[in-house]
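Colleague: Chain by chain, the residues:
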Amino acid sequence: MELDWYLSLSAVLFTIGVIGVLTRKNAIVVFMCAELMLNSVNLTLVSFSAQHGDVHGQILVFFSLCVAAAEAAVGLAIIIAIFRNHLTVDISQINLLRW
Amino acid sequence: MLISQRCSFFKRGDSIMEIYLFFLFATSAVASAVAMITSRDTVNSALFLVLNLVSIAGVFLLLKAQFLAVIQILVYGGAIMVLFLFVIMLLNLSSEENLLNRFSAKYVVGFFLGVIVLSQLLYAIADFTGTLPNFSPGIEQVGTVEALGDELFSTYLLPVLITAVLLTAAVVGAILIAQRKLTGKENK
Numbered sequence: 001m002e003l004d005w006y007l008s009l010s011a012v013l014f015t016i017g018v019i020g021v022l023t024r025k026n027a028i029v030v031f032m033c034a035e036l037m038l039n040s041v042n043l044t045l046v047s048f049s050a051q052h053g054d055v056h057g058q059i060l061v062f063f064s065l066c067v068a069a070a071e072a073a074v075g076l077a078i079i080i081a082i083f084r085n086h087l088t089v090d091i092s093q094i095n096l097l098r099w
Numbered sequence: 001m002l003i004s005q006r007c008s009f010f011k012r013g014d015s016i017m018e019i020y021l022f023f024l025f026a027t028s029a030v031a032s033a034v035a036m037i038t039s040r041d042t043v044n045s046a047l048f049l050v051l052n053l054v055s056i057a058g059v060f061l062l063l064k065a066q067f068l069a070v071i072q073i074l075v076y077g078g079a080i081m082v083l084f085l086f087v088i089m090l091l092n093l094s095s096e097e098n099l100l101n102r103f104s105a106k107y108v109v110g111f112f113l114g115v116i117v118l119s120q121l122l123y124a125i126a127d128f129t130g131t132l133p134n135f136s137p138g139i140e141q142v143g144t145v146e147a148l149g150d151e152l153f154s155t156y157l158l159p160v161l162i163t164a165v166l167l168t169a170a171v172v173g174a175i176l177i178a179q180r181k182l183t184g185k186e187n188k
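Chains as they are written, first to last, in the numbering used here: chain S, 1 to 99; chain X, 1 to 188.
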């Protein structure tokens, strides 16, 4: 297989994540789309790492997974806190910081 | 260009099985991602995301990154998605009624921005088509637990330790943010 196919798959998945973030209103789905984008970038890193035969790209993916785990925990806690105050996770109705 | 790529599939002596498996995993990943952003029920979205993560783990296996494939299923597909599902069930959300049956400018703008992003990415990739070297012969030894652990616990020892601090801070922060306020206004 050529490297291009892996990069193209990653680009398509990233784009689906972007469209999801831009169009969905449910905060949890937006958050899952962000995870999807993180994952597609991980795929790019792994394919370049495999192409070069270099382990450092996969180590960056390992750290990215750790940060994603921390981010998921904190983000979901924020969503719970928002839900407790507003009784909704619809981001079009949460306008505290919106001008 | 496409034909020359097809030929290069077979010239390098890749097994046909690998190509079939790649397209199987790629189709499954893209289809589940699309289903994730279009399904009304949040639980369905989460389960489609699990399918997507498992498909990407399969692609990792094709790239000979065994350790990351296992970690992807354990950490992402297991731990993080269980956390997501737990929060979804905790909040007991009703599914959105008006997802796609109401035409909105937001969908058009979002879709066109997505198309712009995709065309930019594919344009950048197409610039390098054919100029990229083939996969390195050392690919087999790269993704093993042994190679990664060797590097992680020698060169990257300090970042690994800092990761431990980061995860601890995230856990403490998550508990602090999500707990009920002990003082201040009453929160039901």
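Be aware that a few hints might be false.
Just so you have them, the derived chain X footprint on chain S, three or more residues with Cβ under 8 Å [said to hold, decoys possible]:
#1 13-21
#2 43-55
#3 59-70
Simulated crosslink set (SDA-like; lysine to any residue; CA at most 20 Å straight-line) [as the list claims (entries may be wrong)]:
#4 S:25 - X:112
#5 S:25 - S:70
#6 S:25 - S:67
#7 S:25 - X:40
#8 X:106 - S:98
#9 S:25 - S:60
#10 X:64 - X:20
#11 X:64 - X:54
#12 X:106 - X:39
#13 S:25 - X:129
#14 X:64 - S:74
#15 S:25 - X:114
Beta-carbon label-pair distances, calculated as ranges [what the hints assert, rightly or not]:
#16 S:94 - X:17: 28 to 38 Å
#17 S:94 - X:162: 31 to 41 Å
#18 X:31 - S:88: 38 to 48 Å
#19 X:150 - S:85: 25 to 35 Å
#20 X:128 - S:98: 32 to 42 Å
Just so you know, the hints here were simulated from the structure itself, not pulled from any lab data. Cβ coordinates follow ideal geometry from the N, Cα and C atoms, glycine included.
Colleague: Indicate, hint by hint, whether the structure satisfies it.
Modeller: A quick look at each hint next to the structure:
1. 13-21: holds (count 8)
2. 43-55: holds (count 10)
3. 59-70: holds (count 10)
4. S:25 - X:112: Holds - the C-alpha atoms of residue 112 (chain X) and residue 25 (chain S) are around 18 Å apart, at most 20 Å.
5. S:25 - S:70: Violated. Residue 25 (chain S) to residue 70 (chain S) sits at ~23 Å, over the 20 Å cutoff.
6. S:25 - S:67: Violated: residue 25 (chain S) and residue 67 (chain S) sit about 25 Å apart, past 20 Å.
7. S:25 - X:40: holds, 11 Å
8. X:106 - S:98: Holds, because 17 Å separates the two Cα atoms, which is no more than 20 Å.
9. S:25 - S:60: Violated - the C-alpha atoms of residue 60 (chain S) and residue 25 (chain S) are around 31 Å apart, more than 20 Å.
10. X:64 - X:20: holds, 16 Å
11. X:64 - X:54: Roughly 15 Å separates the two Cα atoms, so the pair holds.
12. X:106 - X:39: holds, 17 Å
13. S:25 - X:129: Given pair residue 25 (chain S), residue 129 (chain X) is violated - Cα atoms ~37 Å apart, limit 20 Å.
14. X:64 - S:74: violated, 32 Å
15. S:25 - X:114: Distance of about 16 Å is within 20 Å: holds.
16. S:94 - X:17: 28 to 38 Å: violated, 49 Å
17. S:94 - X:162: 31 to 41 Å: Given about 33 Å between the Cβ atoms, the range holds.
18. X:31 - S:88: 38 to 48 Å: violated, 30 Å
19. X:150 - S:85: 25 to 35 Å: violated, 48 Å
20. X:128 - S:98: 32 to 42 Å: holds, 41 Å
Of the hints listed earlier, those the structure fails to meet are numbers 5, 6, 9, 13, 14, 16, 18, 19, in rising order.
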